[in-house]
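Colleague: From first to last, the protein sequence lines stand for chains R and E.
For what it's worth, full-length UniProt numbering labels the leading residue of the first sequence as 1, then goes sequentially.
For what it's worth, full-length UniProt numbering labels the leading residue of the second sequence as 1, then goes sequentially.
Some clues are possibly wrong.
Said to hold, decoys possible - Pairwise CB distance ranges (calculated): (1) Asn25(R) <-> Arg183(E): 54 to 60 Å; (2) Asp393(R) <-> Asp248(E): 14 to 20 Å; (3) Glu322(E) <-> Thr683(R): 55 to 61 Å; (4) Gly63(E) <-> Glu6(R): 51 to 57 Å; (5) Glu42(E) <-> Thr123(R): 24 to 30 Å.
Claimed, not checked - In silico EDC-like cross-links for lysine to aspartate or glutamate, where the CA-CA straight-line distance does not exceed 20 Å: (6) Lys577(R) <-> Asp132(R); (7) Lys412(R) <-> Glu319(E); (8) Lys412(R) <-> Glu272(E); (9) Lys512(R) <-> Asp480(R); (10) Lys10(R) <-> Asp439(R); (11) Lys297(R) <-> Asp132(R); (12) Lys133(R) <-> Glu116(R); (13) Lys10(R) <-> Glu523(R); (14) Lys412(R) <-> Asp79(E).
What the hints assert, rightly or not - Some residues of chain E that are not near chain R, with every Cβ distance over 10 Å (derived): (15) Asp14; (16) Val24; (17) Leu38; (18) Pro53; (19) Ala75; (20) Arg114; (21) Glu142; (22) Gly150; (23) Val227; (24) Asp247; (25) Ser284; (26) Asp301.
No wet-lab data here; the hints were simulated from the structure.
Cβ coordinates follow ideal geometry from the N, Cα and C atoms, glycine included.
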Amino acid sequence: MTDRLESREKVTGAAKYAFEYAVENAAYAAAVQASVGKGQVRSVDTEAALRLPGVLAVLSCENAPNLGDVPDGELALFQSRTVSYRGQFVAAVVGETLETAREAARLVRIEYAEEEPDVRLRTDHPGLYKPDKVNPVFPSDTEQGKPEDAFRDSPLQVDVTYTTPAEHNNPMEPHTTIAQWNGDETLTLYDSNQGASTVQSTIAQVFDLDPTQVHVVSPHVGGGFGSKGTPRPNVVLAAMAARAAGRPVKFAVPRQQMVATTGYRTPTIQRLRLGADADGRLNAILHEVSEQTSTVKEFAEQTATPTRVLYKAPHRRTSHRVVALDVPTPSWMRAPGETPGVYALESAMDELAVAAGIDPIELRIRNDTDHEPGSGLPFSSRNLVACLREGADRFGWAGRAPEPGVHWEGRKLVGMGVASSTYPAYQRPNKAMARAEHDGTFTVRIAAADIGTGARTALALIAAETLKEDLGNVKVEIGDSAFPRASVAGGSAGTASWGTAVVRACEALRGKMNGAVPPEGIEASADTGDELKARDEYARHAFGAQFAEVEVDADTGEVRVRRMLGVFAAGRIINPKTARSQFIGGMTMGVGMALMEESVMDTEFGDYLNRDLAQYHVPACADVRDIDAVWVEESDPHLNPMGSKGIGEIGIVGAAAAVGNAVHHATGIRVRDLPITPARLLTAL
Amino acid sequence: MRPFAYERATSAEDALERHNDGAVYLGGGTNLVDLMRLGVEEPSRLVDVAHLPYDRIELRPDGSLVIGAAVSNSALAADRTVREGHPLLAQAVLAGASGQIRNLATVGGNLLQRTRCSYFQDTSKPCNKRDPGSGCPAREGEHHNLAILGHSEACVATHPSDMAVALAALGASIRVQGRDGERTIPIEDFHRLPDNEPERDTTLEPGDLITAVEVPPVGMPSRYRKVRERASFAFALVSIAAALDVDDGQVRDVRLALGGVAHKPWRAWRAEEVLRGAQATEESFLRAAEAELEAAEPLRDNAYKVPLARNLIVRTLMELGEGS
Numbered sequence: 001m002t003d004r005l006e007s008r009e010k011v012t013g014a015a016k017y018a019f020e021y022a023v024e025n026a027a028y029a030a031a032v033q034a035s036v037g038k039g040q041v042r043s044v045d046t047e048a049a050l051r052l053p054g055v056l057a058v059l060s061c062e063n064a065p066n067l068g069d070v071p072d073g074e075l076a077l078f079q080s081r082t083v084s085y086r087g088q089f090v091a092a093v094v095g096e097t098l099e100t101a102r103e104a105a106r107l108v109r110i111e112y113a114e115e116e117p118d119v120r121l122r123t124d125h126p127g128l129y130k131p132d133k134v135n136p137v138f139p140s141d142t143e144q145g146k147p148e149d150a151f152r153d154s155p156l157q158v159d160v161t162y163t164t165p166a167e168h169n170n171p172m173e174p175h176t177t178i179a180q181w182n183g184d185e186t187l188t189l190y191d192s193n194q195g196a197s198t199v200q201s202t203i204a205q206v207f208d209l210d211p212t213q214v215h216v217v218s219p220h221v222g223g224g225f226g227s228k229g230t231p232r233p234n235v236v237l238a239a240m241a242a243r244a245a246g247r248p249v250k251f252a253v254p255r256q257q258m259v260a261t262t263g264y265r266t267p268t269i270q271r272l273r274l275g276a277d278a279d280g281r282l283n284a285i286l287h288e289v290s291e292q293t294s295t296v297k298e299f300a301e302q303t304a305t306p307t308r309v310l311y312k313a314p315h316r317r318t319s320h321r322v323v324a325l326d327v328p329t330p331s332w333m334r335a336p337g338e339t340p341g342v343y344a345l346e347s348a349m350d351e352l353a354v355a356a357g358i359d360p361i362e363l364r365i366r367n368d369t370d371h372e373p374g375s376g377l378p379f380s381s382r383n384l385v386a387c388l389r390e391g392a393d394r395f396g397w398a399g400r401a402p403e404p405g406v407h408w409e410g411r412k413l414v415g416m417g418v419a420s421s422t423y424p425a426y427q428r429p430n431k432a433m434a435r436a437e438h439d440g441t442f443t444v445r446i447a448a449a450d451i452g453t454g455a456r457t458a459l460a461l462i463a464a465e466t467l468k469e470d471l472g473n474v475k476v477e478i479g480d481s482a483f484p485r486a487s488v489a490g491g492s493a494g495t496a497s498w499g500t501a502v503v504r505a506c507e508a509l510r511g512k513m514n515g516a517v518p519p520e521g522i523e524a525s526a527d528t529g530d531e532l533k534a535r536d537e538y539a540r541h542a543f544g545a546q547f548a549e550v551e552v553d554a555d556t557g558e559v560r561v562r563r564m565l566g567v568f569a570a571g572r573i574i575n576p577k578t579a580r581s582q583f584i585g586g587m588t589m590g591v592g593m594a595l596m597e598e599s600v601m602d603t604e605f606g607d608y609l610n611r612d613l614a615q616y617h618v619p620a621c622a623d624v625r626d627i628d629a630v631w632v633e634e635s636d637p638h639l640n641p642m643g644s645k646g647i648g649e650i651g652i653v654g655a656a657a658a659v660g661n662a663v664h665h666a667t668g669i670r671v672r673d674l675p676i677t678p679a680r681l682l683t684a685l
Numbered sequence: 001m002r003p004f005a006y007e008r009a010t011s012a013e014d015a016l017e018r019h020n021d022g023a024v025y026l027g028g029g030t031n032l033v034d035l036m037r038l039g040v041e042e043p044s045r046l047v048d049v050a051h052l053p054y055d056r057i058e059l060r061p062d063g064s065l066v067i068g069a070a071v072s073n074s075a076l077a078a079d080r081t082v083r084e085g086h087p088l089l090a091q092a093v094l095a096g097a098s099g100q101i102r103n104l105a106t107v108g109g110n111l112l113q114r115t116r117c118s119y120f121q122d123t124s125k126p127c128n129k130r131d132p133g134s135g136c137p138a139r140e141g142e143h144h145n146l147a148i149l150g151h152s153e154a155c156v157a158t159h160p161s162d163m164a165v166a167l168a169a170l171g172a173s174i175r176v177q178g179r180d181g182e183r184t185i186p187i188e189d190f191h192r193l194p195d196n197e198p199e200r201d202t203t204l205e206p207g208d209l210i211t212a213v214e215v216p217p218v219g220m221p222s223r224y225r226k227v228r229e230r231a232s233f234a235f236a237l238v239s240i241a242a243a244l245d246v247d248d249g250q251v252r253d254v255r256l257a258l259g260g261v262a263h264k265p266w267r268a269w270r271a272e273e274v275l276r277g278a279q280a281t282e283e284s285f286l287r288a289a290e291a292e293l294e295a296a297e298p299l300r301d302n303a304y305k306v307p308l309a310r311n312l313i314v315r316t317l318m319e320l321g322e323g324s
């Protein structure tokens with residue numbers, strides 16, 4: 001139970017976030033967003049903006065410098081006249097003050113040749129196509145056996161369609177950059193991101209620089225949930241503006257502008273067909289997904305991939321169809337794929353349990369497997385059943401009435417729901433450096449990111465353990481592209497990936513140490529690339545079980561989660577204190593997904609309407625009454641030197657299904673379109 | 001944000017004098033400043049009236065209250081006389097916003113909150129309330145939390161205040177200092193229905209300064225209940241302020257107002273009329289609710305508010321009836 005190492009700095013305000021760096025002579029940028037949903041910029045009138053005292057520059061497609069090789073169309077700022085979606089950045093203003101820049105941005109007059117945007121995802125959209133792969137590199141479709149026939153011949157059938165809305169990541173700290181061009185044509189970026197190395201290499205490419213010319217500084221980041229996993233237009237805008245103004249430029253994307261420009265989770269429409277024999281053993285699973293991407297670039301969420309992992313069934317199909325709409329490009333949001341996919345699969349499993357008259361936990365246990373059904377590979381470890389059993393005991397599942405809609409307390413209907421959870425245990429190649437200092441302390445450096453997860457603390461614990469030193473003697477430095485190259489904080493792979501490099505660097509350092517440390521210190525480094533290539537083939541995943549108890553007001557349709565418990569099997573837990581925060585944070589986000597989060601597309605104008613946290617609801621403290629997460633002991637020798645699996649995302653996976661299943665158990669009503677609001681429940685109550 | 005002048009008024013007369021074209025009174029600023037950042041409000045001058053000596057709550061011998069316009073929402077909700085004599089009002093205030101916002105927000109400013117309709121708050125889109133004559137995209141667009149009663153072709157916005165719903169049920173009056181002297185406006189006449197002038201939320205004249213709210217005594221069991229998608233810090237889908245006096249199974253007196261359903265706090269006159277003298281039973285509560293909601297004209301996506309308001313009326317009256 002180790003406290004977050006930088007907690008004191010954070011609560012006292014000493015920890016610096018990107019916008020807070022005191023660069024000399026800074027100017028401020030503000031962005032202009034497209035006010036049409038699709039079309040061409042006809043003209044940009046900057047006269048009024050430039051007349052405003054204190055305005056230093058206006059950038060748009062009419063004067064922006066040509067960028068180099070832009071790997072991501074969302075970063076090709078002002079490189080074309082095409083408007084791909086409403087809210088896209090089409091111009092930027094640099095001013096002496098933030099107020100001047102924002103006012104000038106309002107004075108930029110842009111004429112458009114406007115076209116009607118196509119923004120509505122539907123299963124009969126003629127533009128739906130099969131992507132070559134789904135994020136990151138999974139096959140779009142898989143099929144084994146004869147799923148259609150097997151489903152048709154199954155005595156028990158569930159054939160249902162679930163929808164999940166677009167959801168926005170909404171980290172507390174907005175996407176923020178200070179860009180400073182130095183005399184030697186190097187670029188310093190104080191930036192809020194999930195991976196300094198990735199920002200460094202991408203921005204170097206965009207501005208035709210060598211990566212060594214770009215220095216990214218990001219020791220503290222106020223959340224990202226995936227939306228800061230790749231650089232966003234703010235980084236390019238700040239760097240371009242700084243060059244145009246000849247001064248350092250600060251730019252934080254206002255909350256209202258984040259909605260269009262910093263990513264979100266695609267809406268999904270998912271048809272689930274489960275065919276089982278009379279005692280609930282699955283014979284066929286078909287999971288078919290429709291989702292959206294933009295015309296700027298393809299992002300195909302891997303929504304059905306968890307169905308390749310969770311339950312055995314001889315006949316199976318998963319498929320993804322994507323349509324490129326005139327919308328912002330969707331991207332990673334906490335457990336992309338698993339979050340919406342497991343919601344649908346685990347809701348359908350609950351429907352099967354009801355249809356079969358089998359307890360939902362027992363149904364899942366009957367369909368457990370020791371080989372990954374999609375690949376046939378053995379699991380490196382799989383403790384789903386242990387999680388379900390442990391959770392059932394702790395949550396008081398035995399007292400649950402089998403039939404729904406019978407437990408009244410006053411005017412409230414009360415119910416319990418369960419859902420399985422799973423998330424891959426990814427690992428990526430990394431480099432790290434460890435130093436023994438002359439004064440007896442140790443320094444470890446890696447360009448890892450702590451976006452609020454506790455990564456810095458976990459890495460320090462890992463380093464101290466490997467070095468056999470007290471935690472107080474070990475300093476871990478992260479969040480700087482000058483440190484050894486690291487993968488992003490994403491895919492729940494941070495601690496496993498960075499930690500392995502830290503272990504290897506520390507081991508190498510110990511091998512070099514022999515007696516006293518000389519004044520210049522001793523240094524060792526590591527690169528885990530070869531080690532990862534040499535790993536045995538296993539299906540590596542974390543598992544978990546989510547439990548929720550809800551009350552539904554029979555008069556108003558209000559749903560409140562009374563209790564929630566997550567039980568996880570995620571390998572060795574490095575730091576119980578911050579791990580618990582990760583789990584319950586994910587579960588809380590799952591409550592939001594189940595009951596309130598919904599980005600509403602305005603089909604007339606083509607943008608997401610709820611642009612701030614007053615309109616986009618996430619759970620408030622009062623919505624999280626009694627929540628806990630525990631884990632089962634799991635020893636898995638096939639993972640990494642720590643024996644750990646990722647924990648950043650599995651907490652959200654299955655959480656919404658557990659809540660939805662509890663709502664069904666409370667009321668007998670199955671709401672298949674998230675979120676489950678009074679509007680959706682009331683008509684059926 | 002455009003440049004604006006900030007001035008602090010020293011008295012009501014001084015405030016009125018400073019309030020010229022383009023000027024706006026500033027209370028806690030919890031809504032106004034947001035709207036200025038969004039470009040929805042563009043005052044040339046802010047006249048700060050939060051520091052005028054209207055910061056007292058006075059309990060008069062007849063049990064009525066005079067609440068200064070500059071009293072903070074937090075102070076109002078925490079005041080012992082309010083909590084004891086007008087619990088409905090304290091409950092309504094506490095149901096709104098967050099602790100931090102209530103600390104700053106004033107009673108006068110709370111009454112003058114603008115709608116949270118997303119089109120009103122987005123200057124890149126038409127809105128008759130913000131830009132008269134430009135159109136109302138909410139009618140066909142996103143309106144799941146907009147009006148079911150009293151709306152017009154021009155506007156389907158709702159009034160966001162909780163406090164004002166309680167004040168409507170209590171039959172409060174708004175004391176106003178105007179260019180022609182002081183006057184008192186019954187709350188029923190204070191907020192407007194949109195008709196074809198949705199840009200006018202209230203019947204206030206230019207320069208009018210709210211100085212106090214007068215609240216008559218309640219004298220019967222009362223409560224405020226707010227329905228929302230999350231447990232706090234959200235505007236009402238529908239809310240209700242109700243007071244009920246039952247004598248020997250018969251309704252002697254009743255006050256009902258609904259929030260989240262109209263351009264103004266909706267006093268349920270028809271329901272009250274049906275109820276007075278009727279048996280205090282679920283059947284009559286339902287009959288009253290249906291009489292009130294007969295006038296409802298729900299939009300495509302907010303028809304759920306009709307059964308919601310109905311259930312809320314019936315259940316709240318049932319609970320009040322049981323308590324008396």
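Colleague: Hints numbered earlier in the text: which of these fail when held up against the supplied structure?
Modeller: Numbers 2, 3, 5, 6, 8, 9, 10, 12, 13, 14, 17, 21, 23, 26, in rising order.
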